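Take the given structure of chain A and dock chain B to it, following the hints.
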Amino acid sequence: MDFISNLLRKKSTYIFLACLIFVVILPLHSSGYVLRVMITMASGIIAAMCLNVVLGYMGYPSLCQNVFYGVGAYTMALATVKLGFSPWTALLLSPIVTFIIGYLAAIPFLKLRSMFFAIATLAFTGVVAAVLINLPNLTGSNAGLRGIPRLVKSDITFFYLEIALMLIVLILTVLMSRSFWGKILIAIREDEDLAPHLGINVTKYKRLTFAVTSAATGVAGAIFFSYQTFISSNYFTIGSSFTALAVAVVGGGGTALGPIFGGLVVVGAPEVFRGMSETLSLWRPAFVGVVLVAVILLSPGGVVGIFQSVVGYFKKRGAR
Amino acid sequence: MADTGKTILEIRDLSKNFGGIRAVDDLTFDVKEGEILGLLGPNGSGKTTLFNLITGVYTADSGRIKFRTDDITNDLSYRIALKGISRTFQSTKVFHTQTVLDNIATAMIARARTRRISETRQKVADILDFTHLGDAKTAIAGDLTHAAQRRLMVAMALVEDPDLLLLDEITAGMSGEECNEMIDMAKRIRDRGTTIVLIEHNMKVAMALSDRIVVLNFGRKIAEGAPEEITTNETVLEAYLGREEA
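Chains A and B are the protein sequences, given in the same order.
At position 81 of the first sequence the residue is numbered 82 (this note's numbering), and the sequence of numbers has no breaks.
At position 57 of the second sequence the residue is numbered 68 (this note's numbering), and the sequence of numbers has no breaks.
Isolated chain A, as found in the complex (with noise of 0.2 angstroms):
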């Protein structure tokens, strides 16, 4: 009762209140193009908000999180498609498949640090790209696979099951940070040396949550792929596996709602370009290649750091 009244007494309660409100209004006025638009968006976030976790909170630079999402997208396609399974089904199979790939990934991946986990996660990415291509009997190739049946029939309820997810990553993430295991992982980041002779079996703690964030991210695939129907490898290229980490890095790495600003601004803002014009939507990439790096120089902590910095400004001036 304590954490609820404590809640109802905070401003950002109410924020965080109204902004969901908005979400959840905001699909029923929207052209099928801008709910499109969300849908991918919201994807994307809860793809960062998992890779977040491990980056922000953990302080390892995965390069891979497409793979995962892609595993959980290609768990559903097959399994609807190629198996015959009901959607339902095969949503539960994919956190499951992506779960147990992500952990045997962690094991050999999560010996390394810094730039040679980033690199050894990049050449993951090329491999899983060249196999998905190089298999079309099951994949599709670059043909890909059709017919993926939707989960549920209209896109609005399609939305409002990605923001269900992301609200449950958000949750957990909040609840993460809190609890030991947050603790565990900011230690594991700060100095991984010293935290095994606090007592922290970091190995364990790292290849568990290395393989729970990659079946959260499977989800967010098998959910947005059975939406679009279609599936195939021209999505999973090493240059795509750069997107989550744009979004968790210009959202504010290690902070829970950095991906969502993120996701707006490295997602969201190019495809308003799109809608504006062709031409301009082919500048994307280097739209988000210009908006990191000025992240990564100007401000470290990501939007969210701007935020904070300007909350922290206004609060400074009030108290003079």
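All clues given are correct.
Calculated cross-link-like contacts (lysine to aspartate or glutamate; reagent style EDC-like; alpha-carbon spacing at most 20 angstroms):
#1 B:K148 / B:D113
#2 B:K17 / B:E44
#3 B:K232 / B:D37
#4 B:K104 / A:D194
#5 B:K198 / B:D172
#6 B:K104 / B:E189
#7 B:K104 / A:D192
#8 B:K232 / B:D179
#9 B:K43 / B:D82
#10 B:K215 / B:E180
#11 B:K232 / B:D222
#12 A:K112 / B:D86
#13 B:K104 / A:E193
#14 B:K94 / A:D194
#15 A:K205 / B:D86
For the chain B half of the interface with chain A, some residues (derived, Cβ under 7 angstroms), not all of them:
#16 S88
#17 L93
#18 K104
#19 A118
#20 A121
By construction, these hints were calculated from the structure, which means they are not laboratory data.
Only a predicted model underlies this, so the values are computations on that prediction, with no experimental measurement involved.
Glycine included, each C-beta is placed from N, C-alpha and C at the ideal position.
Same frame as chain A, now just chain B:
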């Protein structure tokens, strides 16, 4: 000295090679419960390597390490820590971007996850008081003075009262006054019932603190005994203190 005569740590025929270099060479000695054992030796004599072998950072090539009744040779670092062996490091290791309070809370949470919040708060307050960090509890660890960071590192090692504490050059880079403060703290830690093994280059500190001293040279034990015996030991003088100064 609260020596009960009971052995808490047993090192037997321990060896570790790095390529062609024999960093620890057939080392055997005991640490008695309740004592402060000083580990001396010139640079590169294998003192920190020995700490790394005891705490599972390195795997031993041969020999045995026994902590109370447990064989902990080549065990994992976190398991050794949970058995009751804590350590500090030559170069300061704390969570630099976190507050002092968060540093200690993390160390506490890592060792004991099931405890009432009120009890944890009391324990944190005790540790802060014990290490004279109470006034700096909300400060970011990276902003503390060198001496305060070293005290914080000790505080993190002390949570849950370890049975054995390994202090690696805990007074490195400190002024005379700060050294004295650290000597006092080490004595108080022993009085809480923790056995201490310390590596120390500052002879004044080593002599003031140690009940017994083991001297290493090229990974081998060359002397063992009370501080006054060590200062007059011919082999030690030759290898470490230097014959001319004697």
